[in-house]
Amino acid sequence: MHFGLTEEQEMIVSTVRNFVETEIYPHENEVERTGIVPKEIGQEIKRKSQELGFFACNFPQEVGGAGLDNLTFTLVERELGRASMGLAAYFGRPSGILMGCNDEQRERYLIPAVKGDRFDALAMTEPDAGSDVRGMKCFAKKDGDDWIVNGTKHFISHADIADFVIVFIATGEEQTPKGPKKLITCFLVDRGTPGFEIREGYSSVSHRGYHNCILNFTDCRLPSAQILGELHKGFDLANEWLYGTRLTVAASCVGRARRVFDYAVSYAAERKQFGKPIGANQGVSFKLADMITEIDAADFLTLHGAWRLDQKLPANREIASAKLYASEMLARVTDEAIQIYGGMGLMDDLPLARFWRDARVERIWDGTSEIQRHIISRDLLRPFGA
Amino acid sequence: MKILVPVKRVVDYNVKIRVKPDGSGVELANVKMSMNPFDEISVEEALRLKEAGKAEEVVVVSIGPAKAEETLRTALAMGADRAILVETDDTVEPLAVAKILKGVVEAENPGLVIVGKQAIDDDANQTGQMLAALLGWAQGTFASKVEIGADKATVTREVDGGLQTIDIKLPAVVTTDLRLNEPRYASLPNIMKAKKKPLDKKTPADFNVSTAARLKVLKTEEPEGRKAGVKVKSVAELVEKLKTEAGVL
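Protein sequence lines, in the order shown, are assigned to chains A and B. Take 1 as the starting number for the first sequence in UniProt numbering and just add one per residue. Take 1 as the starting number for the second sequence in UniProt numbering and just add one per residue.
It should be emphasised that the hints constitute simulated quantities derived from the structure, not laboratory data. Treat each hint with caution, since some may be false.
[Stated by the list, open to error] Cross-link-like lysine-lysine pairs, in silico, DSS-like; alpha carbons within 25 Å at most:
id, chain 1, residue 1, chain 2, residue 2
1, B, K20, B, K99
2, B, K102, A, K48
3, A, K276, B, K16
4, B, K227, B, K216
5, B, K54, B, K169
6, A, K178, A, K233
7, A, K48, B, K16
8, B, K243, B, K231
9, B, K50, A, K48
10, B, K219, B, K20
11, B, K169, B, K50
12, B, K16, B, K2
13, B, K231, B, K102
14, A, K272, B, K169
15, B, K193, A, K46
16, B, K50, B, K152
17, A, K48, A, K115
18, B, K197, B, K2
19, B, K241, B, K227
20, B, K20, A, K276
21, B, K152, B, K54
22, B, K227, A, K272
23, B, K16, A, K272
24, B, K20, A, K272
25, A, K115, B, K20
26, B, K227, A, K276
[To be verified] Which residues of chain A face chain B? A partial, calculated answer using Cβ under 7 Å:
id, residue
27, V13
28, T15
29, F19
30, L52
31, F54
32, C57
33, G64
34, A66
Please read these numbers as outputs of a predicted model, since none were measured by experiment. All C-beta atoms in this analysis are idealised placements derived from N, C-alpha and C, irrespective of residue type, glycine included.
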């Protein structure tokens, strides 16, 4: 068993860490205060990421990416996770599902996304279809060779800066022994398509500057050429390409937890009460011990999940465990960090309250903790027919 | 022209240095190590000169333990062409470093050596000057700007009174100051290529240089902590204290 990183991986980690600290941290307070990433700052981060060859580094070399394996890309995500998400979005990690593009779509979507010329977003969730994704109401009706789409998507991350959106839409229904089941198809929808509107979403407690949006479809006409993958096979495509995205949540939780931990440990060592550093009290030092133990555990679970993907081993349960544990770990670590800081931890002058707020969404998006537990337990019990 | 850039593996500038309990030195166990920041500036300058067509090859050299290979790989990932590791576990003092570098220069024949003005561990600020003296070459120290002409270099130096610009004959030794440039990040393609770039291993003995210590470290201690200030009630009192207590007037 070998736990070390390769020299390349070490350098990638240190470069991304350095990038995040130098190019992203200085802008965080402004983004936090205004809730907006100034366009020129976003473009600057994008340009620098492109120059360094990190933009779309999760894509294979034959389409212009850097061809990083899952483990190395997870390390990149871990380091990016330290930073404000609104800013880190410009570092450029297009959705892997674009690898499902056909030859013609490659030129219009995949290649421009990898180059950074066109920004993508991905839309599944609806007001009435959260964890129950298949319950979606957004529906496409066949009209000749076209599809007429009606419905609403919400919580669509960074669609405000997207040039096109990868949207999952119901295109039919089939009868199964368990009752009717919706058939889902994945569409590529350009910003500006008549009948397609990208609206400002809700004001969220987590990740200021990283906006969620609402998508409205009103008799929006989409040619069949906009179908990504095959008709009615949207979820197959999602399973193939979005299988590992929960790992990016896990990885960014680990990265952020380490940043939070650095704050907590230095404060415990420096803050004096009753004539000694507060860290000299076990009430504080044992918190630190628990925090680092959990962070390391989450880190290993996450990297192990990525390693399994690279080894082409089944990884669904392991990824679910990583996502579940890392996101819940981050909640505990940010909470304890604030406890160590006391009242000061709640003030906007320090980023701790922000980390604490940001942590909350991690247990919800990309599959709630409950959905992850469902995946894990189903994986355990299914072989017994239970 | 070939440019030689010596780089040193030092404690990362972000690390809070701790003195060993026995006062024999600073704690190096489990401490993050990185390239000396002034050497990063030197590598950057060499790469810029290469990109500007003023140089064909950038060779980096490090003198130190086997782990210094990581520092060399970092320089290769920034874009240097090849590396030389002169491996030794001894603490190598500036004069021995300069002598070894002289040997490397004689083997490599660079037209220019760009070296950090000092390493942030011992802060000796001697290697560049000693190397120039040993080679009998011109030197431009504390450079904040370097321009390469046909057979000379124009170096702007950061001196106490401001900036001094000098012309020096090539080949020469230039030592870099903080404001010369902002070092680049290693790009992903260069990181991937770094491992494939040649790295030669040598020892001080290959250059007939002894690394035996000439200096003796008597004691290493923490700098004194900052003391609390005092508030004065009036300007008159301030002047009085500056005269009598601080002794600066």
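Hints not upheld, ascending by number: Numbers 1, 2, 4, 7, 12, 13, 14, 25, 27 and 33, in rising order.
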